[in-house]
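*Asks:* If you want the building blocks of each chain, they are given just below.
Number of protein chains: 2
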Amino acid sequence: MIRVGIFGYGNLGRGVECAINQNPDMTLVAVFTRRDPSSVKLVSQGVGVYHVDEVLSFKDKIDVMVLCGGSAKDLPVQTPYLAEHFCVIDSFDTHAKIPEHFENVDRVSKKAGNVAMISVGWDPGMFSLNRLLAGCILVDGADYTFWGKGVSQGHSDAIRRIEGVLDARQYTIPVEDALERVRRGEAPTLTTREKHTRECFVVACEGADLSRIENEIKTMPNYFADYDTTVHFITKEELDRDHSGIPHGGVVIRSGKTGKERENTHIIEYKLTLDSNPEFTASVIVAYARATYRMKKEGLCGCKTVFDVPPAYLSPLSGEELRRNLL
Amino acid sequence: MIRVGIFGYGNLGRGVECAINQNPDMTLVAVFTRRDPSSVKLVSQGVGVYHVDEVLSFKDKIDVMVLCGGSAKDLPVQTPYLAEHFCVIDSFDTHAKIPEHFENVDRVSKKAGNVAMISVGWDPGMFSLNRLLAGCILVDGADYTFWGKGVSQGHSDAIRRIEGVLDARQYTIPVEDALERVRRGEAPTLTTREKHTRECFVVACEGADLSRIENEIKTMPNYFADYDTTVHFITKEELDRDHSGIPHGGVVIRSGKTGKERENTHIIEYKLTLDSNPEFTASVIVAYARATYRMKKEGLCGCKTVFDVPPAYLSPLSGEELRRNLL
Numbered sequence: 001m002i003r004v005g006i007f008g009y010g011n012l013g014r015g016v017e018c019a020i021n022q023n024p025d026m027t028l029v030a031v032f033t034r035r036d037p038s039s040v041k042l043v044s045q046g047v048g049v050y051h052v053d054e055v056l057s058f059k060d061k062i063d064v065m066v067l068c069g070g071s072a073k074d075l076p077v078q079t080p081y082l083a084e085h086f087c088v089i090d091s092f093d094t095h096a097k098i099p100e101h102f103e104n105v106d107r108v109s110k111k112a113g114n115v116a117m118i119s120v121g122w123d124p125g126m127f128s129l130n131r132l133l134a135g136c137i138l139v140d141g142a143d144y145t146f147w148g149k150g151v152s153q154g155h156s157d158a159i160r161r162i163e164g165v166l167d168a169r170q171y172t173i174p175v176e177d178a179l180e181r182v183r184r185g186e187a188p189t190l191t192t193r194e195k196h197t198r199e200c201f202v203v204a205c206e207g208a209d210l211s212r213i214e215n216e217i218k219t220m221p222n223y224f225a226d227y228d229t230t231v232h233f234i235t236k237e238e239l240d241r242d243h244s245g246i247p248h249g250g251v252v253i254r255s256g257k258t259g260k261e262r263e264n265t266h267i268i269e270y271k272l273t274l275d276s277n278p279e280f281t282a283s284v285i286v287a288y289a290r291a292t293y294r295m296k297k298e299g300l301c302g303c304k305t306v307f308d309v310p311p312a313y314l315s316p317l318s319g320e321e322l323r324r325n326l327l
Numbered sequence: 001m002i003r004v005g006i007f008g009y010g011n012l013g014r015g016v017e018c019a020i021n022q023n024p025d026m027t028l029v030a031v032f033t034r035r036d037p038s039s040v041k042l043v044s045q046g047v048g049v050y051h052v053d054e055v056l057s058f059k060d061k062i063d064v065m066v067l068c069g070g071s072a073k074d075l076p077v078q079t080p081y082l083a084e085h086f087c088v089i090d091s092f093d094t095h096a097k098i099p100e101h102f103e104n105v106d107r108v109s110k111k112a113g114n115v116a117m118i119s120v121g122w123d124p125g126m127f128s129l130n131r132l133l134a135g136c137i138l139v140d141g142a143d144y145t146f147w148g149k150g151v152s153q154g155h156s157d158a159i160r161r162i163e164g165v166l167d168a169r170q171y172t173i174p175v176e177d178a179l180e181r182v183r184r185g186e187a188p189t190l191t192t193r194e195k196h197t198r199e200c201f202v203v204a205c206e207g208a209d210l211s212r213i214e215n216e217i218k219t220m221p222n223y224f225a226d227y228d229t230t231v232h233f234i235t236k237e238e239l240d241r242d243h244s245g246i247p248h249g250g251v252v253i254r255s256g257k258t259g260k261e262r263e264n265t266h267i268i269e270y271k272l273t274l275d276s277n278p279e280f281t282a283s284v285i286v287a288y289a290r291a292t293y294r295m296k297k298e299g300l301c302g303c304k305t306v307f308d309v310p311p312a313y314l315s316p317l318s319g320e321e322l323r324r325n326l327l
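Residue numbers (my numbering), protein chains in the order written: chain C, 1 to 327; chain Z, 1 to 327.
Isolated chain C, as found in the complex:
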């Protein structure tokens, strides 16, 4: 049995807990929280919840610690800290800061002899893996990543910070026409506006100036100004009834040419359609937690990403079973 710990218990932590329950070779040993442990109710029976301050007393009781904090403030501190004491895995998703995070985690985990996986999930994660594979196969080609339809937490939060807004939910939606052009192998050059639209469902305070709010959303730099944005004002009840899920997904497409005269076109498409973004991310993480455990057992150490893991390490099956049943 692979003994797993969860560090941070929000949507992602709960997803990891559920995913562990689907994998018979794994067991959840403990959940660590910054809140009062008695206030945290798990999905599973019989698993202890502890304050994060107690984590080091579990040093020999946990094979892989899954970090479920945020990329902005939690993981840059927590992952290097815990990698000194545990094999760890996180879903650090600030793309621009991955090299820095890698260096920090690599230094500590190498010194401690632990395996530390970072940036595991679907983007970064499975989408990255598919960009790598497709690019190595179709050397002469172009890459496209479309996100959605799905909820962007960051954009929803940005709307909530506008004066007069009570609550909001933002969907990122790929432009179907652009997708079709890519799928046809046209290899178009697409602007930000041509790739995605943004749709916002906003609950305003009573008496708020709706046209000011709409204008502030649509002109917000970085978040909305470069997109065609639609704003719908709805009631709190409608928001809770119709927009409480956390669906997401997207598609990575590579279109490339082969042949003596580049006469043949090929399209590789990897598409995710997810009812629950955190539960799918958690499922990816748990599969790679198994790989983390395997790599440690093999005597490896240091920081790893999805690029470094032989796919067979994700599976509880033997090489022989995999070749017989899946190859």
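Check before you lean on any hint, since a few could be wrong.
What the hints assert, rightly or not - As a list, the in silico SDA-like pairs of lysine to any residue whose alpha-carbon atoms are at most 25 Å apart:
id	chain 1	residue 1	chain 2	residue 2
1	C	K260	Z	V49
2	Z	K111	C	G319
3	Z	K271	C	K97
4	Z	K297	C	G299
5	Z	K296	C	L322
6	Z	K260	C	N11
7	C	K260	Z	K73
8	C	K260	C	D140
9	Z	K271	C	E176
10	Z	K271	C	T145
11	Z	K97	C	E320
12	Z	K271	C	R183
13	Z	K97	C	Y313
14	C	K260	Z	D275
15	C	K73	C	F58
16	Z	K73	Z	D106
17	C	K97	C	P80
18	Z	K257	C	E321
19	C	K110	C	R181
20	Z	K297	Z	P316
21	C	K110	C	L56
Stated by the list, open to error - Residues of chain Z placed beyond 12 Å of chain C at every Cβ, according to the derived structure:
id	residue
22	R34
23	R35
24	R107
25	P221
26	Y223
27	D228
28	F233
29	L239
30	D242
31	I268
32	F280
Unchecked claim - These stretches of chain C come out as covered by chain Z in the derived footprint (C-beta under 8 Å, 3 or more residues):
id	stretch
33	25-38
34	269-277
Just so you know, the hints here were simulated from the structure itself, not pulled from any lab data. Even glycine gets a Cβ: it sits at the ideal position worked out from N, Cα and C.
Got chain C sorted already, so can you dock chain Z onto it with the hints?
*Replies:* This is chain Z only, laid out in the frame that chain C set:
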């Protein structure tokens, strides 16, 4: 530079040659053929063509030998034979015989200290990899593989063996309705007939009994009897004009459930749309030839499949570059 040899020069061998030309870190050293070498004309300038009997004299001049023979008779003999002298890679695609082929190749390559990759292409190959990855992520789910629309060489050959048939081309076509049900997450149980149809374009000899030919095709066991099959009789000119390409492709879909009560559905879809089956297969092989070279350099040996290769090994870029640009 990675020095590559091609053993067998048909459609696949020519595809490998073109793919090597797209990869600046690789160079084609020699092509080996069973035919008279002077009768073989390559796409590239300045590369020697040799009879297969001369292959051992290239022992220290080739880093990876790419085997481009057939799975029925060539590869079961050639791959173990050459794995004693070279690092090799093949596209052995008789799924049921992969375990046996693996054992034969593993024994020889381990003894010789060579790396030998087998069954590289898209199915087996990239489709297998996606079945493995998706199954490890969505543990509670169902797998679907659809092939086509594309030309099946084996089925085309089977038609050509019927008396009165001059030439033929067979397309395998996924049933759109079944595909849509899978994509909607219905996880249906599908019979052979419900998944694919077969469309045949047949050139008959003058005076042949067309209804007998049609009947023989549609009732042919294993090949056509379990499918809804359409037969079109056309002229040799029409066949050459409209059906000379070798397109193929297909899709691997996994649909799975997560959450406390399995309340969330997720779909992972990997889709290939290929103008040229052999050129795409060749492009996959050449990327894995780089991995073969890397594994050998690291001191590994023995038989490997796509399941064993860390994805970063496929790329000429460094780990740092990959993390910065693709993760």
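*Asks:* Please flag the earlier hints that this structure goes against, numbers listed from lowest up.
*Replies:* Going through the list in order, the structure violates hints 3, 7, 19, 31, 32 and 33 and respects the others.
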